[in-house]
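First to last, the protein sequences are chains A and B. FYI, this note's numbering numbers position 243 of the first sequence as 243, with every residue one higher than the one before it. FYI, this note's numbering numbers position 92 of the second sequence as 92, with every residue one higher than the one before it.
Derived from the structure by calculation, the hints contain no laboratory data. Here the structure is a predicted model, which means the values were calculated and not measured. A portion of the hints provided could be inaccurate.
Since the list gives no way to pick out one identical chain from another, each pair is judged satisfied if it fits inside one copy or across any two copies.
What the hints assert, rightly or not - For lysine to aspartate or glutamate, the following EDC-like pairs were computed, each having C-alpha atoms within a straight-line distance of at most 16 Å:
| no. | residue 1 | residue 2 |
| --- | --- | --- |
| 1 | K258 | D291 |
| 2 | K278 | E192 |
| 3 | K278 | E195 |
| 4 | K24 | D309 |
| 5 | K24 | D229 |
2 protein chains.
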Amino acid sequence: MDQIRIALIGYGNVGQAFARMLEKRREYIRETFDTDPVVTAICTRSKGGILQPAGAGGIDTARVTDDMFDKLIDAIKIIDFGEYDVMIELTPINIMTGMPATRHVERALQRGKHVITANKGPIAWAYRELRDKAEENGVQFLYEATVMDGVPVYNLTRETMMGCRITEVSGIFNATTNFILTEMEKGIDFEEAVEEGRRQGFVEADPAMDVDGWDAAAKLTALMNVLMDVQITPTEIDREGIGHITKEDLDAAAEQGKKIKLLCQGRMEEDGDTGILKPVGSVKPTLVDQDSLPAIMDATSSYVSIMTDLMGGVTVIEEPFEPEIDHTAYGVLSDLLRILNDTKIK
Amino acid sequence: MDQIRIALIGYGNVGQAFARMLEKRREYIRETFDTDPVVTAICTRSKGGILQPAGAGGIDTARVTDDMFDKLIDAIKIIDFGEYDVMIELTPINIMTGMPATRHVERALQRGKHVITANKGPIAWAYRELRDKAEENGVQFLYEATVMDGVPVYNLTRETMMGCRITEVSGIFNATTNFILTEMEKGIDFEEAVEEGRRQGFVEADPAMDVDGWDAAAKLTALMNVLMDVQITPTEIDREGIGHITKEDLDAAAEQGKKIKLLCQGRMEEDGDTGILKPVGSVKPTLVDQDSLPAIMDATSSYVSIMTDLMGGVTVIEEPFEPEIDHTAYGVLSDLLRILNDTKIK
């Protein structure tokens with residue numbers, strides 16, 4: 001039986017959830033693809049890494065202990081010198097630069113390794129270069145978990161809308177702000193809503209990236225780059241957060257039969273002077289009708305609407321799923337299955 | 001350059017829209033797949049068929065005239081003796097039997113031809129046999145246009161949810177009844193709503209199959225058979241139409257903050273006596289909250305919700321798209337592109 005060797009760059013909640021899911025689906029993978037998936041390298045930010053020597057087999061991820069990590073083994077060492085077939089990038093995102101994830105992806109592709117990223121930085125900042133590098137090196141570069149967790153937005157369009165041109169992408173992409181706005185509708189103010197979100201685990205200790213719209217802008221950028229084949233970065237998005245929204249604003253909206261939602265929208269627009277089409281994206285608190293799709297999105301639901309030339313619009317909704325971390329891990333697993341599937345065909 | 005030869009069995013609105021769309025995308029197909037798509041046979045119910053002799057090239061579908069049809073050439077003659085690579089089944093559905101479409105599909109597969117059907121009869125009545133026959137003969141059997149027109153429901157799950165088990169399918173599958181109920185909410189009665197639908201082209205001359213829930217039941221059966229890998233037929237669905245719904249019923253619902261929608265639901269249920277899991281499906285007018293997803297579906301929108309074990313729920317919404325006939329034709333075209341894509345890989 002063949003092996004597929006996996007390097008996990010980043011081993012936080014998603015990495016560990018992925019390792020558990022891989023264990024559960026090991027038999028399915030062996031039977032379906034006649035291939036045994038083995039983890040040959042793990043890298044953490046604080047503890048260092050574990051790198052199996054060539055031919056030493058896989059790491060038993062259920063039995064990883066702190067003393068197995070070597071402080072001298074870092075991500076680049078694993079990526080440049082490790083024995084693996086697929087690098088999975090799971091480090092925390094830096095929305096302002098896309099680093100170091102973009103560098104990790106680039107170097108693995110350069111070595112002719114398949115890459116899966118759950119980190120949207122590389123797609124938001126350097127999608128086209130990375131896609132081209134993957135193609136040059138005859139490997140796959142997949143990123144399904146970067147938007148809407150395991151919901152197959154990218155695969156949907158790549159695999160099932162052949163021949164269609166995507167003309168617009170829109171939706172609610174950030175669950176934290178949607179949760180905060182939904183709580184505020186109940187009559188509490190912004191700070192209380194943030195506190196409630198922290199208590200329930202939906203809001204991070206420092207929610208600035210969410211609240212200021214940066215997370216949504218990065219996701220919008222990622223979707224536009226991939227689906228509309230453009231080159232746009234998060235800083236080019238016309239971005240407004242929800243930090244200034246008051247419960248009075250929400251009350252005023254309700255009186256008009258409306259709600260306020262953080263909507264994202266990306267499309268091509270003609271430049272007034274040159275007439276050249278260029279990508280334009282916005283993330284903004286927006287008044288929506290109470291019986292519209294964005295208005296009825298549950299606190300932690302999100303959706304993506306795609307407009308195409310040949311088949312009109314399609315909307316995909318991600319329903320809340322607990323634990324969310326498993327949902328993201330499934331996005332990574334589905335990319336791995338795709339690599340196994342396509343490798344088998346060839 | 002290779003050719004892919006197409007037999008169109010049925011040449012009504014969808015068949016003609018498909019032929020136009022194929023013409024528009026011919027250059028794209030030639031460039032992408034290095035293959036020229038040619039229509040070598042066309043069959044109609046009333047006028048007979050056109051069947052190109054071997055090596056005679058394709059039919060110029062933009063210039064088909066009535067005198068080109070031969071009364072003696074019927075569907076079976078084309079399917080059994082024609083020169084083609086892909087048979088596209090576009091005859092009108094008989095929901096009670098799935099015939100003659102099922103026979104057409106079976107005989108083409110038996111000859112080792114790829115089959116695309118926009119007719120849901122074969123999927124609702126004989127999915128498993130046809131799937132197995134396609135596999136035995138090493139050909140593809142695709143049916144994306146049978147539910148939600150061109151929206152890629154089947155492809156979504158087949159191509160992008162690998163390793164997931166689908167545990168439930170639900171939604172609003174029939175636009176005609178949704179239109180009638182939406183009109184009745186404005187205060188008119190059933191007959192007036194049907195008349196209005198006929199005027200706008202959303203309701204057929206004889207709407208019984210829609211109104212009585214048969215169309216929705218056939219779609220539910222098709223989805224369950226394919227996505228949940230069961231064997232269930234339209235007559236086994238617990239089915240109730242909307243013919244008895246009055247505007248008073250809708251008023252009473254509105255007073256409770258609710259609406260009435262024709263909901264479809266399919267899932268596995270344990271048999272009380274034997275404990276064996278069996279597929280159970282229902283199509284029924286159902287009270288739903290006014291801020292729920294089914295309630296906000298526009299007159300001619302529809303949606304499918306899929307519940308899975310590994311990644312929770314995903315919902316896909318089909319937005320209204322004019323002309324609808326092009327949407328269905330795109331579903332057929334996307335299946336053809338899939339065959340071209342997969343044939344190229346092999």
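Hint check:
For the identical chains of this complex, K258 and D291 are neighbours both inside a copy (8 Å) and across copies (12 Å), given an alpha-carbon limit of 16 Å. In this assembly of identical chains, the alpha carbons of K278 and E192 never lie at most 16 Å apart, being 40 Å within a copy and 48 Å across copies at closest. Taking identical chains as interchangeable, the C-alpha atoms of K278 and E195 are never at most 16 Å apart, the minima being 40 Å within one chain and 46 Å between chains. For the homomeric pair K24 and D309, the shortest alpha-carbon distance between copies (13 Å) is at most 16 Å, but the shortest distance inside one copy (41 Å) is not.
Taking the shortest alpha-carbon separations for K24 and D229, neither the intra-copy value of 36 Å nor the inter-copy value of 22 Å comes in at or below 16 Å.
In summary, the numbered hints that this structure violates are 2, 3 and 5.
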